[in-house]
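Undergrad: Given chain A, work out where chain D should sit, using these hints.
Line by line, the protein sequences give chains A and D.
When we follow the numbering used here, the leftmost residue of the first sequence carries the number 1, and every step to the right adds one.
When we follow the numbering used here, the leftmost residue of the second sequence carries the number 1001, and every step to the right adds one.
No lab work stands behind these hints, which were simulated from the structure alone.
Bear in mind that the values here come from a model prediction, so they are computed numbers and not experimental data.
Take these hints with a grain of salt, some might be off.
Stated by the list, open to error - The list that follows gives simulated cross-link-like pairs (lysine-lysine, BS3-like), each with its CA atoms no further than 27 Å apart:
no.: 1; chain 1: D; residue 1: Lys1287; chain 2: D; residue 2: Lys1312
no.: 2; chain 1: D; residue 1: Lys1180; chain 2: D; residue 2: Lys1152
no.: 3; chain 1: D; residue 1: Lys1180; chain 2: D; residue 2: Lys1134
no.: 4; chain 1: A; residue 1: Lys235; chain 2: D; residue 2: Lys1330
no.: 5; chain 1: A; residue 1: Lys429; chain 2: D; residue 2: Lys1071
no.: 6; chain 1: D; residue 1: Lys1221; chain 2: D; residue 2: Lys1107
no.: 7; chain 1: A; residue 1: Lys23; chain 2: A; residue 2: Lys504
no.: 8; chain 1: D; residue 1: Lys1182; chain 2: D; residue 2: Lys1134
no.: 9; chain 1: D; residue 1: Lys1071; chain 2: A; residue 2: Lys504
no.: 10; chain 1: D; residue 1: Lys1152; chain 2: D; residue 2: Lys1173
no.: 11; chain 1: D; residue 1: Lys1221; chain 2: D; residue 2: Lys1287
no.: 12; chain 1: D; residue 1: Lys1071; chain 2: A; residue 2: Lys350
no.: 13; chain 1: A; residue 1: Lys350; chain 2: D; residue 2: Lys1330
no.: 14; chain 1: D; residue 1: Lys1356; chain 2: D; residue 2: Lys1152
no.: 15; chain 1: A; residue 1: Lys429; chain 2: D; residue 2: Lys1073
no.: 16; chain 1: D; residue 1: Lys1221; chain 2: D; residue 2: Lys1266
no.: 17; chain 1: D; residue 1: Lys1127; chain 2: A; residue 2: Lys235
As the list claims (entries may be wrong) - Some residues of chain D that are not near chain A, with every Cβ distance over 10 Å (derived):
no.: 18; residue: Thr1095
no.: 19; residue: His1141
no.: 20; residue: Glu1148
Glycine included, every Cβ here is placed at the ideal spot set by N, Cα and C.
Listed below are the residues making up each chain.
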Amino acid sequence: MSAVIAEHDDHHADEHHDHGPAKGLLRWIITTNHKDIGTLYLLFALAMFFVGGSMAMVIRAELFEPGLQFVDPMFFNSMTTMHALVMVFGAVMPAFVGLANWQIPLMIGAKDMALPRMNNMSFWLLVAGVLLLASTLFMETGAPSAGWTFYPPLVLQPITVGTALPFAVFAVHLLGISSIMGAINIIATIFNMRAPSMKMMDMPLFVWTWLITAFLLIAVMPVFAGAVTMLLTDKFFHTSFFNAAGGGDPVLYQHIFWFFGHPEVYIMILPTFGVASTIIPVFARKPLFGYASMVWATGSIAFFSFIVWAHHMFTVGMPMAGELYFMYATMIIAVPTGVKVFNWTATMWKGAMTFETPMLFSIAFVVLFTMGGLTGLMMAIAPVDFQYHDTYFIVAHFHYTLVPASIFILMAAGYFWLPKWTGHMYNEKIGQLHFWLSAISVNILFFPQHFLGLAGMPRRIPDYAVQFADWNMISSIGGFIFGASQLLFLYIVIDTIKGGTGEKVTDEVWEDASKHSLEWTLPSPVPYHTWETPPMLVPTEHVLDSH
Amino acid sequence: MNKIKKLFAGVSLMALGQEAAQADYTLNLMKGVTKVSNDIYDLHMLILWICVFIGIGVFGTMFYSIYHHRKSKGHEAAQFHENTTVEIIWTIIPTLILIGMAIPATKTMLELADVQKSDMTIQITGKQWYWDYKYLDNDIHFESHLDEASEKAHRIKGANLNAVANYLLAVDKPLVIPVKKKIRFVLTSSDVIHSWWVPDLGWKKDANPGFINEAWTSVDKAGVYRGQCTELCGRDHGFMPIVVVALEQPDYDAWVKKTSEQQKQKPDLSDQHHEQLISHGESVYLKNCVGCHQIDGAGVAGLIPAITASPKVTGAIDPLIGFLQAGTSKMPAFSKLKDNELAEVITYIRNDLGNKVGDDIQPNKITPVYEDD
Chain A
1 MSAVIAEHDD HHADEHHDHG PAKGLLRWII TTNHKDIGTL YLLFALAMFF VGGSMAMVIR
61 AELFEPGLQF VDPMFFNSMT TMHALVMVFG AVMPAFVGLA NWQIPLMIGA KDMALPRMNN
121 MSFWLLVAGV LLLASTLFME TGAPSAGWTF YPPLVLQPIT VGTALPFAVF AVHLLGISSI
181 MGAINIIATI FNMRAPSMKM MDMPLFVWTW LITAFLLIAV MPVFAGAVTM LLTDKFFHTS
241 FFNAAGGGDP VLYQHIFWFF GHPEVYIMIL PTFGVASTII PVFARKPLFG YASMVWATGS
301 IAFFSFIVWA HHMFTVGMPM AGELYFMYAT MIIAVPTGVK VFNWTATMWK GAMTFETPML
361 FSIAFVVLFT MGGLTGLMMA IAPVDFQYHD TYFIVAHFHY TLVPASIFIL MAAGYFWLPK
421 WTGHMYNEKI GQLHFWLSAI SVNILFFPQH FLGLAGMPRR IPDYAVQFAD WNMISSIGGF
481 IFGASQLLFL YIVIDTIKGG TGEKVTDEVW EDASKHSLEW TLPSPVPYHT WETPPMLVPT
541 EHVLDSH
Chain D
1001 MNKIKKLFAG VSLMALGQEA AQADYTLNLM KGVTKVSNDI YDLHMLILWI CVFIGIGVFG
1061 TMFYSIYHHR KSKGHEAAQF HENTTVEIIW TIIPTLILIG MAIPATKTML ELADVQKSDM
1121 TIQITGKQWY WDYKYLDNDI HFESHLDEAS EKAHRIKGAN LNAVANYLLA VDKPLVIPVK
1181 KKIRFVLTSS DVIHSWWVPD LGWKKDANPG FINEAWTSVD KAGVYRGQCT ELCGRDHGFM
1241 PIVVVALEQP DYDAWVKKTS EQQKQKPDLS DQHHEQLISH GESVYLKNCV GCHQIDGAGV
1301 AGLIPAITAS PKVTGAIDPL IGFLQAGTSK MPAFSKLKDN ELAEVITYIR NDLGNKVGDD
1361 IQPNKITPVY EDD
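For reference, chain A alone in the conformation it holds in the complex (with noise of 0.2 Å):
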């Protein structure tokens, strides 16, 4: 519990006070400072989360009352397809490397990323990426609607795909690199660039599930766009990788995306783990109960989601054995994933908690994390599945997982760090308002969807028989005030941005924080350059088990 506070050396600062941004908007283009990116990748994915979020809105209000109402079945299989790949493309992964751009320096006393330059690519390919991708949009033909899974034969049929097809291929190529880029330059980031005295095991639960989740982008986004590079091959260039006709096999397709799309999941919530390890001891003001297992519970959930991708293809028609080996394989996840809900709790347990909006956030991320955790393991049960296979069962059970969970982690992370980054703190009273129409209405758009799956209403549909009527329309009412809701959180960043409350934060922020992470010992706002001279000790208070 040794915390420290960093001998800042006053002639390094002023040494470099003059080496500030560059003046007016090219700072944000040459920019190769962490900080300025990771608030570049913020925005960013704010800006997409809107994007996206305004789409969901369009499915919602198609999906209110049965019988087709606003838009045609394709633009309505266009905006399922466009909303799933803005929000994992756009919005929760770069928000995520946004963090941690902005916070794995700070956190490990860095001066900045190891790589700056591909740093700065690595965000403006990510916006190409996003464009090419919305481009599409704006084809007489549409926007690719075969679903985020760009699943053959669907997907390379003239008459659904249309002219989308090379453009989404080509966004995921570039989606691809920046993410590899961005997951290098993290790792580089952490091996080589900690302060001096903070061992592997020393580091915050965040750089680590961060380190863990760079390991698996690099990985799987090869896969991915090796997959999409043979769909571009099957439609253009005569191959027949996926075509019966020619040799080749459909569902190889699904083993490849699979492959690629279960390690994806995890990107967008092992990050969420680490946010949350950071946030609740800080509130319970209390240690982490269990880092060491944290850190290992977090590495084999990481392994295992290399070996379970054809639980997401039980009903594709798979030999026992296949059936049989990936419903044991993804059973297993849920023992590491219960370890760390059951270690969040033992943190709270015992402590002195207050409950300021990111506390907040992070106890909703808890509960409904596993809600969405527990409708997983009904899933894995494999025959179960061909019953809940592609309904709006897992429907309710993946949103679960990512808008309760990610998407929340991600508001409780601007709410602890925003005052730290600005040096303003936030209107508390408005951010517990966001909070809870927030965590009510979420409960109202995506649990009805458990109990429409469960009777028989299969998902990626526009119109639905009337006996599901009900349970969609409450379910579009949550719709509308979660997305409503979220302005407020759009009011709350600009806001405090621009000043706040008016009070001037200290550079803890919050109680005894600094017990907890290097950046609470900075000064607030966190200075232009930071960490010119390493620290020399580091805070252990979330670490006390390894030593």
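TA: Then chain D, alone, in the frame of chain A:
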């Protein structure tokens, strides 16, 4: 809040589960009408209760802590940060629970996949956007489309959907099977991947183009069981339902006899009145053409040509007949249509959907071109 919600949901699910098989409107999984579907239902309830139990335990502990261990109550933070015994316990107990679940799950999985010793076989072919059923033990073979009432209602804005019986869940020709017989299904597709799901039978199975999947069922109780395609298959994925009618053996035998005879009948190629041609033509159009060319014949911009004001449609008849029978790289061949059906649909598209050629094409006009095969 969430704990209470979960509890409430669990209790209401249990209560409703009792009547699930009969109720039109359910919250919980259907029990279904086969042994496998009942086993799956039991597994579902078992794991649901395990999850509710775990949820109550975890959330109960958490909310107790949230209520009592708060700073505003003056609670001092303890500083413990690990406990090896506890950590081992909460690794081993979940593992044991998982093993406990894996055993019945494995049994049901083996049962679900055992297609041996079947009494009859039906081939199911998924097509955009209907199902094609072929009874391999006799010559029965037919297509099963969304019924006309739903087909019209979902394409016309403001239609009264409550007036349509089983909106989107009714077909023109259901799959008819006998009860208490082990029926093996072989599933495939002629275009993209579809998935055949009737919740009351307890499973769904993908229909993959170029490959064959197997599944089986044995229905205990005569009745009508409805389901839908569950793999995104393009524009009308939401509009290709499945209806299975399970009959007692004598009724089934009668159905087989009647259907075989009907199939052997030659189509009626006699002349029809204009109104007959148009109304029959509309039925043919709704089954075969509407998915792409749309209810108003406008097609889809950039993807599918319009029928309205198309010179191909309103021009000479013989090339149009040939075009429909042979198809192109983009349009499927409709050689499956009988002469009378071709005549009806050609009359319909030339004189409706915004076209007005003003002629009647009678079935006998089709024959010469048809015989070119």
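Undergrad: Take the hints in turn and mark each one as holding or not.
TA: Tested hints:
With a C-alpha separation of about 21 Å, the suggested pairing of lysine 1287 of chain D with lysine 1312 of chain D holds against the 27 Å cut-off. Restraint check for lysine 1180 of chain D and lysine 1152 of chain D: not satisfied, since their Cα atoms lie roughly 36 Å apart, outside the 27 Å limit. The suggested pairing of lysine 1180 of chain D with lysine 1134 of chain D holds, with an alpha-carbon distance near 20 Å, which does not exceed 27 Å. For the hint pairing lysine 235 of chain A with lysine 1330 of chain D, the CA-to-CA distance comes to about 14 Å; that is within 27 Å, so the pair holds.
Between lysine 429 of chain A and lysine 1071 of chain D the CA atoms are separated by roughly 19 Å; this keeps the pair inside 27 Å, and the hint holds. A C-alpha spacing of about 24 Å is found between lysine 1221 of chain D and lysine 1107 of chain D, which places the hinted pair at or below 27 Å, so the restraint holds. For the hint pairing lysine 23 of chain A with lysine 504 of chain A, the CA-to-CA distance comes to about 26 Å; that is within 27 Å, so the pair holds. Our distance criterion of 27 Å between C-alpha atoms is met by lysine 1182 of chain D and lysine 1134 of chain D, whose separation comes to about 16 Å.
Our distance criterion of 27 Å between C-alpha atoms is met by lysine 1071 of chain D and lysine 504 of chain A, whose separation comes to about 23 Å. With a CA separation close to 17 Å, the supplied pair lysine 1152 of chain D and lysine 1173 of chain D stays within the 27 Å bound. Restraint check for lysine 1221 of chain D and lysine 1287 of chain D: the C-alpha separation of about 31 Å exceeds 27 Å, so the hint is violated. As the CA atoms of lysine 1071 of chain D and lysine 350 of chain A are separated by approximately 10 Å, the hinted pair is consistent with the 27 Å bound.
For a cut-off of 27 Å, the pair hint linking lysine 350 of chain A to lysine 1330 of chain D is broken: about 68 Å separates their Cα positions. Pair hint lysine 1356 of chain D plus lysine 1152 of chain D holds up; C-alpha atoms about 22 Å apart against a cutoff of 27 Å. For the proposed pair lysine 429 of chain A and lysine 1073 of chain D, the alpha carbon gap of about 21 Å is at most 27 Å, so the pair holds. Distance restraint check for lysine 1221 of chain D and lysine 1266 of chain D: the Cα-Cα separation of roughly 35 Å exceeds the 27 Å cut-off, and the hinted pair is therefore not satisfied.
Proximity of lysine 1127 of chain D to lysine 235 of chain A is assessed by CA-CA distance (about 21 Å); at most 27 Å being required, the pair is judged to hold. For threonine 1095 of chain D, the requirement that its beta carbon stay farther than 10 Å from each beta carbon of chain A is not met, with the minimum near 6 Å. Chain A leaves histidine 1141 of chain D outside its interface by the beta-carbon criterion, the shortest separation being 22 Å against a cut-off of 10 Å. For glutamate 1148 of chain D, the non-interface assignment is confirmed: its Cβ lies about 16 Å from the closest Cβ of chain A, beyond the 10 Å cut-off.
The structure does not agree with the numbered hints 2, 11, 13, 16 and 18 stated previously, though it agrees with the rest.
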